[in-house]
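Peer 1: What follows is each chain in one-letter form.
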Amino acid sequence: MNSQQSFIEVNNLQKSYGQGLVQVIKGLSLSMNNKDRVVVIGPSGGGKSTLLRCVMGLEQIDSGSVSLEGKPYVSRSAGDRQTTIDKTVRSSIGMVFQSYTLFPHLTVMQNLTLAPVKSRGVTKAVAIERARGLLERFGLSAKANEYPNRLSGGQKQRVAIARALMLDPKLMLFDEVTSALDPELVSEVEQMIIGLAENGLPMMIVTHDMWFARRVATRVIFCAEGVIQEDAPPDEFFENPKNKRTRDFIENVLHAR
Amino acid sequence: MQDLDFYFAFASGHQLLDGLKVTLYLTFWSNVIGLTCGFLLAMVGVSPIRPLRWLYTCYIEIFRCTPILLQIVWFFFCVPILFNVYWSGEFLGLLILGLNLTAFNAEAYRASIQAIPPAHHDAAIALGLGSRVTALHVIMPQAALNAMPVLVTNAIGAFQQSALVALVGVADLMYQGKLLSTQTYRPIEAYTSVAIIYLVISVVFGQIAGFFERRNELYR
Chain V
1 MNSQQSFIEV NNLQKSYGQG LVQVIKGLSL SMNNKDRVVV IGPSGGGKST LLRCVMGLEQ
61 IDSGSVSLEG KPYVSRSAGD RQTTIDKTVR SSIGMVFQSY TLFPHLTVMQ NLTLAPVKSR
121 GVTKAVAIER ARGLLERFGL SAKANEYPNR LSGGQKQRVA IARALMLDPK LMLFDEVTSA
181 LDPELVSEVE QMIIGLAENG LPMMIVTHDM WFARRVATRV IFCAEGVIQE DAPPDEFFEN
241 PKNKRTRDFI ENVLHAR
Chain C
258 MQDLDFYFAF ASGHQLLDGL KVTLYLTFWS NVIGLTCGFL LAMVGVSPIR PLRWLYTCYI
318 EIFRCTPILL QIVWFFFCVP ILFNVYWSGE FLGLLILGLN LTAFNAEAYR ASIQAIPPAH
378 HDAAIALGLG SRVTALHVIM PQAALNAMPV LVTNAIGAFQ QSALVALVGV ADLMYQGKLL
438 STQTYRPIEA YTSVAIIYLV ISVVFGQIAG FFERRNELYR
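The listed protein sequences derive, respectively, from chains V and C.
In terms of the numbering used here, the first sequence opens at residue 1 and continues consecutively.
In terms of the numbering used here, the second sequence opens at residue 258 and continues consecutively.
Don't read these hints as lab results, they were simulated from the structure.
Where a beta carbon is used, it is the ideal one built from N, C-alpha and C, also for glycine.
There may be inaccurate statements among the hints.
Covered stretches of chain C (chain V as the covering partner; in silico rule of three or more C-beta atoms under 8 Å from a C-beta of chain V) [stated by the list, open to error]:
hint, region
1, 286-295
2, 322-336
3, 365-377
Incomplete in silico selection of chain V near chain C, CB under 7 Å [to be verified]:
hint, residue
4, Y17
5, L58
6, M95
7, T101
8, V117
9, S119
10, T123
11, F238
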């Protein structure tokens with residue numbers, strides 16, 4: 001695995017909001033290979049969602065870079081007026097968000113086929129075929145022609161994941177995708193992600209669900225005060241955290257449950 | 258009080274009908290202007306360029322913060338002098354009603370564009386949609402659906418407000434009603450008939466719009 005160049009490389013990333021007023025990420029570096037499923041946990045405001053948004057190329061950064069397979073696609077060096085983003089590289093990454101982002105005026109099927117048809121030049125017939133296959137695989141076939149407001153929160157998030165998968169992403173990002181869900185709907189979404197993980201899709205996940213983190217991760221990262229405080233395989237991370245800050249956090253969340 | 262006699266109103270039906278034609282003409286064209294220019298103006302209003310947004314605000318405030326009657330009177334008396342043009346009353350009427358509606362519709366469009374959750378923009382980027390596809394297939398259809406109820410209310414409002422141009426001599430329904438009243442000395446019958454026509458058309462139009470709105474709610 002050492003011979004392999006790293007899949008995702010975050011290099012000395014700095015990010016602040018409000019023209020440098022609030023520094024959220026303070027020189028964070030991270031490298032991940034294409035077998036990794038990285039779960040990022042940590043306190044609110046610790047920079048975990050911002051990290052994912054930067055990896056997706058949704059944010060202007062202050063400095064640093066993010067590369068995919070050796071190609072920097074988000075970068076900014078001192079003196080640059082703004083962040084340089086390579087949209088072609090970025091388009092091989094998929095992301096699902098905490099809030100529902102299915103487009104309400106389109107049916108499930110139209111949500112799935114919009115991007116392949118309008119931006120990738122896939123023919124409609126091929127896109128529909130592929131969408132049918134994905135919906136079938138995730139038990140959503142019956143919903144193909146429904147509008148999103150007819151779906152439960154869990155179904156919405158599963159469709160959103162399927163919509164991202166339509167584009168064959170090399171990497172999936174999940175930003176607290178179950179946080180807005182009723183508790184009984186969390187499991188169906190998590191099971192779907194676990195299924196994808198077992199198929200070997202590399203992913204980065206931000207979550208507050210420690211059971212899920214442990215189940216799905218190959219690495220767990222504790223992100224607080226804008227840097228990585230701890231980075232370890234899940235068993236080691238939860239059983240024997242090295243950093244005191246991590247230990248306190250785990251203690252707190254596990255007791256809170 | 259003399260006995261009410263609505264017969265004459267039917268007998269003068271052609272007169273009221275002529276007026277109604279003008280009213281509908283004014284309403285139709287002011288809405289064509291309002292719906293298209295309002296949309297274009299809203300684009301100016303959500304532009305990232307600050308001076309453009311100031312321009313937008315100026316336009317909106319001028320039309321929202323002065324009485325529409327004053328706008329009509331000002332337009333009818335000042336525009337021909339200032340620009341040395343001699344347009345028909347109907348044309349001046351539909352123009353000023355359209356410009357007024359443009360301001361109110363632009364606000365409706367702008368509000369519904371800005372009501373779209375920011376996460377939809379993020380999702381569009383994450384799906385690799387370009388800005389043209391995002392605008393055309395994600396933002397505009399949602400904005401149009403959101404804006405629909407207000408646009409319909411504004412359209413019915415324009416129909417009623419068009420009555421104000423009677424005051425500057427455009428021979429619309431209101432004007433013909435006034436004429437009928439003075440010709441026949443029967444103001445109660447004349448104005449009541451006119452009122453009923455305005456009422457029926459507004460209600461019918463409102464109901465039709467309501468039907469489409471309820472249908473849209475299926476995918477809200």
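Peer 1: None of the hints should be skipped; say for each whether it holds.
Peer 2: Against the structure, the hints:
1. Only residues whose beta carbon comes within less than 8 Å of a beta carbon in chain V count, and the region 286-295 of chain C has 0; fewer than three means the coverage is violated.
2. Check on the region 322-336 of chain C: 0 of its residues sit with their Cβ under 8 Å from a Cβ of chain V, so the three-residue criterion for coverage is violated.
3. For the region 365-377 of chain C, the stated coverage by chain V is satisfied: 3 residues place a CB nearer than 8 Å to a CB of that chain, which reaches the threshold of 3.
4. Taking 7 Å as the C-beta cut-off, the interface hint given for V:Y17 is violated, the closest approach to chain C being about 14 Å.
5. Annotation: interface hint on V:L58 holds; nearest CB of chain C at approximately 5 Å, less than 7 Å.
6. With a cut of 7 Å, the hint placing V:M95 at the interface with chain C holds, because the nearest CB-to-CB distance is about 4 Å.
7. Hint status for V:T101 relative to chain C: holds, with the closest Cβ pair at about 4 Å, below 7 Å.
8. For the restraint placing V:V117 at the interface with chain C, the shortest Cβ-Cβ distance is roughly 10 Å, beyond the 7 Å limit, so the hint is violated.
9. Using the Cβ-Cβ criterion of 7 Å, the hint placing V:S119 at the interface with chain C is satisfied: the shortest such distance is roughly 5 Å.
10. Taking 7 Å as the C-beta cut-off, the interface hint given for V:T123 is violated, the closest approach to chain C being about 16 Å.
11. Given hint, V:F238 at the interface with chain C, is violated; its Cβ is 30 Å from that chain's nearest Cβ, farther than 7 Å.
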